[in-house]
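Model the full assembly from the supplied sequences, consistent with the hints where possible.
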Amino acid sequence: MTARLRAPGLPRAGFFLVLGTLFCAAIIIAAREAYGFPVFADGGITTKAQNAILLLSLLIAPLWFLIGLGAFDYWFYWAAGKKERAEDHSGHGATSWTDYFRVNTDHKVIGIQYVVTSFFFMMIGGLLAMLVRAELAAPGSQFVDANAFNGLFSVHASLMIFLFIIPVFAGLANYVLPLMIGAPDMAFPRLNALSFWMLPIAGIMMTASFVAPGGSFSTGWTAYAPLSTSAPLGQMFFTIGVQFAGVSSIATALNFLVTIITMRAPGMSFWRMPLLVWANFSTSLLVVIATPFVAASQFFVLFDYALGFNFFRPEKDGDVLMYQHVFWFYSHPAVYIMMLPGFGIISEILSVKSRKPIFGYRMMAFSLLAIVLLGFTVWAHHMFVSGMQDWIRIPMMVTTAIIAVPTGIKIFSWLATLWKGVLHLDTPMLWALGFLTMFTLGGISGVILAMVPMDIYVSDTYFIVAHIHYVLYGGSLFTIYAGVYYWFPKMTGRMFDERLGKAHFWLTFVSFNATFGPMHLVGVKGMPRRVADYAEEFAAWNLFISLSSFVLGLSTLIFLYNMVSSWRGGPRASANPWRAFTLEWQVSSPPPIFNFDRIPTVVGGPYEYGVPGHVHGIMEPAEEARPKQAAGASSAEEGV
Amino acid sequence: MLGIGVVASILGIAAGLLIDWFPVAASEEAKPIDTLWDVLIIASVPVFVGVSVVVLFSVVKFRMRPGEEELDGPPIHGNTKLEVVWTAIPAILLVGLCTYAFIVLTDVEKAQANTMEVRVVGEQFAWTFFYPGEDGKEISATELHLPIDRPVKFTLQAKDVLHDFWIPAFRMKKDAVPGINVTYRVTPNRLGEYPIVCAELCGLGHATMRATAVVQTEADFASWLEEAAKPPAPPAGGGGGDNGKGLFTSNGCGGCHTLADAGTNATVGPNLDEVLAGKDEAFIKTSIEDPSAEIANGYSDTMPKDYGQRLGADGVDALAKYLSEVTKEG
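From first to last, the protein sequence lines stand for chains A and B.
Residue 264 in full-length UniProt numbering sits at position 264 of the first sequence; the count goes up by one each step and never skips.
Residue 313 in full-length UniProt numbering sits at position 313 of the second sequence; the count goes up by one each step and never skips.
Don't take every hint at face value.
Not close to chain B: a few residues of chain A, all C-beta gaps over 10 Å, as computed [as the list claims (entries may be wrong)]:
hint, residue
1, Ala79
2, Asp319
3, Leu373
Far from chain A, some chain B residues (derived; all Cβ distances over 10 Å) [what the hints assert, rightly or not]:
hint, residue
4, Ala8
5, Glu83
6, Leu156
7, Leu225
8, Asn297
9, Ser324
Derived lysine-lysine pairs resembling PhoX-like cross-links, with alpha carbons at most 25 Å apart [claimed, not checked]:
hint, chain 1, residue 1, chain 2, residue 2
10, A, Lys316, B, Lys305
11, B, Lys279, B, Lys321
12, B, Lys305, B, Lys245
13, B, Lys137, B, Lys31
14, A, Lys525, B, Lys31
15, B, Lys279, B, Lys305
16, B, Lys153, B, Lys230
17, A, Lys48, B, Lys285
18, B, Lys285, B, Lys159
19, B, Lys245, A, Lys316
20, B, Lys153, B, Lys110
21, B, Lys285, B, Lys230
22, B, Lys159, B, Lys245
23, B, Lys61, A, Lys502
24, B, Lys305, B, Lys321
25, A, Lys420, B, Lys81
26, A, Lys420, B, Lys61
27, B, Lys305, A, Lys48
28, B, Lys328, B, Lys245
For the record, the hints were derived by calculation from the structure and aren't laboratory data.
C-beta: ideal position from N, C-alpha, C; glycine also.
See below:
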């Protein structure tokens, strides 16, 4: 027992979590005693002291948990000045399922940890959505009260955004990206492991908010002040949870940037990188620049809430609108953080499944960078009705409309990629094509929303709910499904069930449209969002929407069953079932523990389908492949 | 393919224009905004139809046939002319739409002569409306009355958190923000009663934060305003007097609580007819000033804690007296 508590791992992490909580309790009790505030009453601790201990524990106990888990062991060892530990790769790779429950530095293990964890929280978030729709099936209040309802949609959105879409893309890229650029791992494997382990902390915190005194956080995922600064304690489970998700996100993005810039295989110039790598390069830029802003906005809330600061108290010269500006300066780029990696996935799949080079490769990469830049100039379009200065609405409208141009370039280039190809209409391809049409719809309602007079009318209505779900479900989630099916053989070494995959697509595609399509109608008719109760005139559509949403929920179970059963007992996958050129398909499925037994050399573009005799990378022994004269030598053979 | 696309676009646009999208229009501003919507439908449908038709056509025409498993498509890498076209055309279209939207915006927001001013105050979970009265005194009301065909400028304020003052029939909305004044204008042009909706999540009673806007003739409005000015209305945010019922209404208690005497039936907070039955004034007073002291079964501690300050000592006494009287029978 003592041995298990001394060795890094979950038992020690649990033990440290208890220690951490006691540590926080000691600080609070000591501080309150020192200031003469009441601590003990009626043989227990006063409510205020209890809440203070809980709040501090939310901030600090997770760090103890991470230390207990062993996420910092190597760094502590190194910082203590001890003799350097020889790397024995004991923290690398997975031979049994228990290896997924420890600090593991293998990017392939971390990738799977990420994807499985995100889908776990996606299931919880989906369940909450089902409860929301059950309550909305009829007007009036049926089985949850107003507080619980506000909590349901708030936690639903927060989990889906911070614990599913953002990290699942990070997870897929974690697995695939080093393989694609011919690297043995990520640049900072220990940081990578730490990034992952912050994620379950954030997710459990947000989910656990339902048991907080006063109920879960119920101010929406936007947590607008001053509603959030005066809410019950549950709000802090969001405010602090976001910090952990944010740190995880920033660290991973830095890791991707360094990996992409420094660890490409010989010959892998920027213009030979697969578009998934380009997409994650762009996304990581967005994350590194924007995510500190959401961290700041939530720290402001925390300070106002817990320490009596006045950032958002107008009677003390606080500025309520400032919250929205700081928040959206992150949260609009966040929309692209949730979309650009999906663009990368779609580019991979459409090219491979159409058996054609991607159309306009360089424009595809440039349009990603254009979106990164423009993405920072549109945030206030979320605030057309907020009461900010009027003139700023016009430039924000124009930039918002113009960002549709690079997005349009991508859509049209994908269509041109399909043209005259040989289309393999299997499951990943169906999701990619479904994405093309549904994301176009979401983009169109986005342009409608950019138009200020229109936005003034429909903002905060179900039209917004419809738009966000067409973009994030029909857009992001469809690409996630496409990507998970596409790389499933590589990640697990097994093939998924094609029939179930197609059934999953069609059921989801139809019920998705039946759920979110009519929301456009009720929204323009005047139904506000975030309400448990609504006017009688919307009853028929809402019942229809709720019933469709239950089918949509059930369709997810097909996916789950397919993934679990195929992983356990699907037929073995070959190294390259899709006949793709990119490097991850040139190694076995799943790949060897250090990815490439021989370091590959890249000699051509990644998408040259139809070019006779083309190769993207050759597997040369490391010594022969690594050019002695460094860069410059390979640029002569450009000519894609 | 082009033919199918054109036919589908026309059908889509026709359907888009035939759908009765909006609620009834009751302001001058509604027409240009509804027309903007129609224009956006006309511009949007062909884009969606175009993308879908190309996808469907490719699926039908270029799908892999048996025997083509090993076949690749032609290695087409791009086409500069085509790429210039599909960059330039959307850019021009979007700039055009923005220009049009800009014109509509300036049109619906321009200042007009003979504008009436109404101060709108939002609080959890009720609206109060203040009209300029004689000798600088404001006339307050919980129902919004507006004369037809006269421009009105709303000045929005919020006491506690963000709210959003939205009358769907007028098409305009803006947030009421604590600490600043936010304004917008409309010109009602249709007689009738229209719902007022809070569109910004403001807490528990957000869904029930509703009021009514009554558009009436100039004469009816004048007599209503005269009537409203008569009983000395309680000053902003409550205050003295023994008009308990008035305090109950003007402070938005009915936004959360059911009280038969005041005709409210909200369910956010406990039903006062039930929970206050048989309680004395002192208990009710405590419940107003310190709502956390005792929480009714099945409810959480979410009632704002500042009603003691807002109402003042006299106000709390008057309200508690009123509540104990009307709930005596249970």
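Checked hints:
1. Ala79: 46 Å, holds
2. Asp319: At roughly 7 Å from the nearest Cβ of chain B, A:Asp319 sits no farther out than 10 Å, so the non-interface label is violated.
3. Leu373: Non-interface label stands for A:Leu373: nearest chain B Cβ at 16 Å, farther than 10 Å.
4. Ala8: 13 Å, holds
5. Glu83: Not fine: 5 Å to the nearest Cβ puts B:Glu83 too close to chain A.
6. Leu156: The claim is violated: B:Leu156 sits with its nearest Cβ about 7 Å from chain A, within 10 Å.
7. Leu225: Label holds. Min Cβ-Cβ 27 Å, cutoff 10 Å.
8. Asn297: Given that every Cβ of chain A is farther than 10 Å from that of B:Asn297, nearest at about 12 Å, it holds.
9. Ser324: For B:Ser324, whose nearest Cβ neighbour in chain A is about 26 Å away, the distance exceeds 10 Å, so it holds.
10. A:Lys316 <-> B:Lys305: Given that 25 Å is the threshold and the Cα spacing comes to 18 Å, the pair holds.
11. B:Lys279 <-> B:Lys321: OK: B:Lys279 and B:Lys321 at ~11 Å, within 25 Å.
12. B:Lys305 <-> B:Lys245: Roughly 20 Å separates the two Cα atoms, so the pair holds.
13. B:Lys137 <-> B:Lys31: Not satisfied, since the Cα-Cα distance of roughly 36 Å exceeds 25 Å.
14. A:Lys525 <-> B:Lys31: Given that 25 Å is the threshold and the Cα spacing comes to 15 Å, the pair holds.
15. B:Lys279 <-> B:Lys305: 20 Å, holds
16. B:Lys153 <-> B:Lys230: Holds. B:Lys153 to B:Lys230 sits at ~24 Å (cutoff 25 Å).
17. A:Lys48 <-> B:Lys285: Holds. A:Lys48 to B:Lys285 sits at ~24 Å (cutoff 25 Å).
18. B:Lys285 <-> B:Lys159: The given pair, whose Cα atoms are some 22 Å apart, holds under the 25 Å limit.
19. B:Lys245 <-> A:Lys316: Distance ~33 Å between B:Lys245 and A:Lys316 Cα, so the pair is violated.
20. B:Lys153 <-> B:Lys110: Cα-Cα ~11 Å, so holds.
21. B:Lys285 <-> B:Lys230: Cα-Cα ~29 Å, so violated.
22. B:Lys159 <-> B:Lys245: At roughly 21 Å apart (the allowed maximum being 25 Å), B:Lys245 and B:Lys159 satisfy the hint.
23. B:Lys61 <-> A:Lys502: 20 Å, holds
24. B:Lys305 <-> B:Lys321: Measuring from Cα to Cα gives roughly 19 Å; hence the hint holds.
25. A:Lys420 <-> B:Lys81: At roughly 18 Å apart (the allowed maximum being 25 Å), B:Lys81 and A:Lys420 satisfy the hint.
26. A:Lys420 <-> B:Lys61: Holds - the C-alpha atoms of B:Lys61 and A:Lys420 are around 8 Å apart, at most 25 Å.
27. B:Lys305 <-> A:Lys48: 16 Å, holds
28. B:Lys328 <-> B:Lys245: Holds, at roughly 15 Å.
Figure legend: structure checked against the earlier numbered hints; hints not met, in rising order: 2, 5, 6, 13, 19, 21.
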